[in-house]
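These protein sequences, in sequence, are chains C and F. The first sequence: position 11 = 11 (my numbering), numbered continuously. The second sequence: position 36 = 36 (my numbering), numbered continuously.
I should point out that these hints are in silico values taken from the structure, not numbers from a laboratory. This list has only true hints and no planted wrong ones.
You can't tell identical chains apart in this list, so a pair holds if it fits in one copy or across any two.
For lysine-lysine, the following BS3-like pairs were computed, each having C-alpha atoms within a straight-line distance of at most 30 Å: (1) LYS9 / LYS70; (2) LYS70 / LYS5; (3) LYS80 / LYS13; (4) LYS28 / LYS70.
2 protein chains.
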Amino acid sequence: METLKVAAKSNPKSVAGALAGVIREQGKAEMWAIGAGAINQAIKAVAIARGFVAPAGIDLVCIPAFVDIKIDGEERTAIKLIVSPR
Amino acid sequence: METLKVAAKSNPKSVAGALAGVIREQGKAEMWAIGAGAINQAIKAVAIARGFVAPAGIDLVCIPAFVDIKIDGEERTAIKLIVSPR
Numbered sequence: 001m002e003t004l005k006v007a008a009k010s011n012p013k014s015v016a017g018a019l020a021g022v023i024r025e026q027g028k029a030e031m032w033a034i035g036a037g038a039i040n041q042a043i044k045a046v047a048i049a050r051g052f053v054a055p056a057g058i059d060l061v062c063i064p065a066f067v068d069i070k071i072d073g074e075e076r077t078a079i080k081l082i083v084s085p086r
Numbered sequence: 001m002e003t004l005k006v007a008a009k010s011n012p013k014s015v016a017g018a019l020a021g022v023i024r025e026q027g028k029a030e031m032w033a034i035g036a037g038a039i040n041q042a043i044k045a046v047a048i049a050r051g052f053v054a055p056a057g058i059d060l061v062c063i064p065a066f067v068d069i070k071i072d073g074e075e076r077t078a079i080k081l082i083v084s085p086r
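Start from the sequences and build out the full structure, keeping to the hints where you can.
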């Protein structure tokens with residue numbers, strides 16, 4: 001499954017476009033976000049992507065989960081969002 | 001449908017408990033959050049609530065949407081999260 005890394009500076013509309021593309025090609029997508037700003041952009045991207053794929057009869061939902069990752073040797077907790085048709 | 005208002009200062013575990021309670025009683029729930037901090041807590045609450053209801057065979061998903069609301073006469077865009085079994 002394709003993983004999209006979302007940052008606080010990511011443009012939600014651009015992320016939504018990428019998300020819709022991955023879902024059309026692979027059926028579902030995964031986003032990773034660390035921190036409130038990044039999670040905010042990721043969630044906005046899902047709301048926007050719902051509109052992109054709805055005309056094709058796809059009703060997107062998302063499943064949030066915690067995931068521990070290591071960045072520069074430091075443990076961080078990221079949020080993983082699995083986005084797939086209902 | 002019950003609406004839970006989530007703030008940046010909300011405790012995700014407490015919100016998760018409330019969320020699980022509403023879902024057990026009413027089948028689904030709605031959360032409203034304004035701003036990155038509040039959305040962050042709301043998403044964490046969904047991840048935690050998934051663990052609370054999973055033993056009962058419930059696989060929670062969430063659907064984010066934009067909603068325009070008026071607070072003190074000022075227009076704000078909130079994020080509405082509909083949380084329901086898959």
